[in-house]
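Numbered by mature numbering (1 follows the signal peptide of the UniProt record, and there is no 0), the letters in the sequence shown go through residues -35 to -1, 1 to 300 in order.
Careful, some of the hints might be misleading.
As the list claims (entries may be wrong) - For lysine-lysine, the following DSS-like pairs were computed, each having C-alpha atoms within a straight-line distance of at most 30 Å:
hint, residue 1, residue 2
1, Lys246, Lys160
2, Lys55, Lys160
3, Lys148, Lys81
4, Lys123, Lys214
5, Lys277, Lys62
6, Lys246, Lys214
7, Lys253, Lys214
8, Lys122, Lys160
9, Lys253, Lys55
10, Lys55, Lys214
11, Lys62, Lys214
12, Lys55, Lys246
13, Lys214, Lys238
14, Lys253, Lys160
15, Lys253, Lys277
What the hints assert, rightly or not - Per label pair, the in silico range of CB-to-CB distance:
hint, residue 1, residue 2, range
16, Leu135, Gly3, 41 to 49 Å
17, Arg56, Leu135, 45 to 53 Å
18, Glu239, Asp299, 52 to 60 Å
19, Thr201, Ser113, 14 to 22 Å
20, His32, Tyr286, 33 to 41 Å
These are computed hints drawn from the structure, not numbers from a lab.
Note that the coordinates shown come from a computational prediction; the quantities given were computed from them, not determined experimentally.
Each residue gets a CB set at the ideal place from its N, CA and C atoms; glycine is no exception.
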Amino acid sequence: MMPNPTGRQMLRRIFSKAAAAAALLGMAMAPVAGHANGQPTRIVVGFAAGGAADILARTFAEWMHAHLGDTYIVENRPGASARIAVDYVKRAAPDGKTILISSPSPITIFPLTYKKLNYDPDTDLIPIAHLVDAPQALTVSASGPIHSMQDYLAGIKKDPRAASVGMVTLGSPTHFSLLSLGKSIDVPLTPVAYKGVGPMLSDVIGGALPACINPLGGQMELYRAGKIRFLGVTGTRRSAMLPDVPTMKEAGADGFEMASGWFAAFVPAGTPKETVEKLEKAMMAAAKDPVIREKLQELGLETTGWSGDELKQYIHAQRDYWRGIVNESGFSADS
């Protein structure tokens, strides 16, 4: 009988699989071939190949090639918390041949946390469609004494040294949700920045880090293996992947309703209306395709398929929600 793998061994296996997946996807610039004449369409992602955003972009590229017949290239431009990718798309020709796939922070949070930002998401980009939600989970070690949100909150009130929470990106919606939760329970929660998900989860499993918050997709294998425990998920509804795990609010931690991640599509300002409408129709249809839904659900992504107008309203609502919280926190990404 094979022994059960340790948390560290499990992590190595997971990230080896991620590397293999990236290799199978091909080079970052590999096109989804098509038969249409002319310039290929570039789908720009501000993250490295092999991650959820990259696979999402390739999944939509394949669908759009099959249904529209054009050639699509997924172009990975990681760095500067995806600001490099946004700036690149902003400067691209407004002809519908360059599409940005973005997470929320560059669009909703960075305009509030950076005094000097080299783009304005409201004037430099046109929203095309909201594609997926990416719920996150507050995670603890399955071998520890914390079994519920009530246990967790009671523990950090008793010992504030246990109030450190790991995350990969500071200045994100989850960062500010943690600050708000800490204020509401009168115990400052301390966000701890990690350079990668692997080291962070390893520290949680090993007991060096009391808890972390991270998208579901990168945690599911460890969860299924019984190495970690989810105390709650962000957003306003339970995850379809984890119907038995309560939302953070249901579990007793308010302030995380707007903290879920998401991915949406944008094009440069000035793109013709008919081109915008064509892309919007295609990407909304792709998001609602059951095959796409099942494939992305395995990555912890839940398809939505909202229109560009709905996305625009959602962005403004999110930014209005976070503005007061960010200002009160005193956080500045420039410092």
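Hint by hint, here is what the structure shows:
Proposed proximity of lysine 246 and lysine 160 is contradicted: the alpha carbons are some 37 Å apart, above 30 Å. Restraint check: the Cα-Cα separation between lysine 55 and lysine 160 comes to about 27 Å, which is no more than 30 Å; the hinted pair holds. For the given pair, lysine 148 sits about 28 Å from lysine 81 by alpha-carbon distance, which is consistent with the 30 Å threshold. For the given pair, lysine 123 sits about 21 Å from lysine 214 by alpha-carbon distance, which is consistent with the 30 Å threshold.
At roughly 21 Å between alpha-carbon atoms, lysine 277 and lysine 62 fall within 30 Å of each other, so this suggested pair holds. For the hint linking lysine 246 to lysine 214, the alpha-carbon distance of about 34 Å lies beyond 30 Å, and the restraint is violated. Annotation: proposed proximity of lysine 253 to lysine 214 holds, straight-line Cα distance about 28 Å (limit 30 Å). Between the alpha carbons of lysine 122 and lysine 160 the distance comes to roughly 28 Å, so the proposed pair stays at or under 30 Å and holds.
Between lysine 253 and lysine 55 the CA atoms are separated by roughly 27 Å; this keeps the pair inside 30 Å, and the hint holds. A distance of roughly 37 Å separates the Cα atoms of lysine 55 and lysine 214; the hinted pair therefore is violated under the 30 Å criterion. In summary, the hint linking lysine 62 to lysine 214 is not supported, as the alpha carbons are separated by about 41 Å, beyond the 30 Å threshold. With a CA separation close to 22 Å, the supplied pair lysine 55 and lysine 246 stays within the 30 Å bound.
Simply put, lysine 214 and lysine 238 have alpha-carbon atoms about 40 Å apart, too far for the 30 Å limit, and the pair is violated. Annotation: proposed proximity of lysine 253 to lysine 160 is violated, straight-line Cα distance about 34 Å (limit 30 Å). A hinted pair counts as satisfied when its Cα atoms are at most 30 Å apart, and lysine 253 with lysine 277 qualifies at roughly 19 Å. The supplied range of 41 to 49 Å is met by leucine 135 and glycine 3, whose beta-carbon atoms lie about 42 Å from each other.
The supplied range of 45 to 53 Å is broken by arginine 56 and leucine 135, whose beta-carbon atoms lie about 27 Å from each other. For glutamate 239 and aspartate 299, the Cβ-Cβ distance of about 39 Å falls outside the hinted range of 52 to 60 Å, so the restraint is violated. Evaluation of the 14 to 22 Å hint for threonine 201 and serine 113 yields a pass: the beta carbon distance comes to about 20 Å. Evaluation of the 33 to 41 Å hint for histidine 32 and tyrosine 286 yields a pass: the beta carbon distance comes to about 35 Å.
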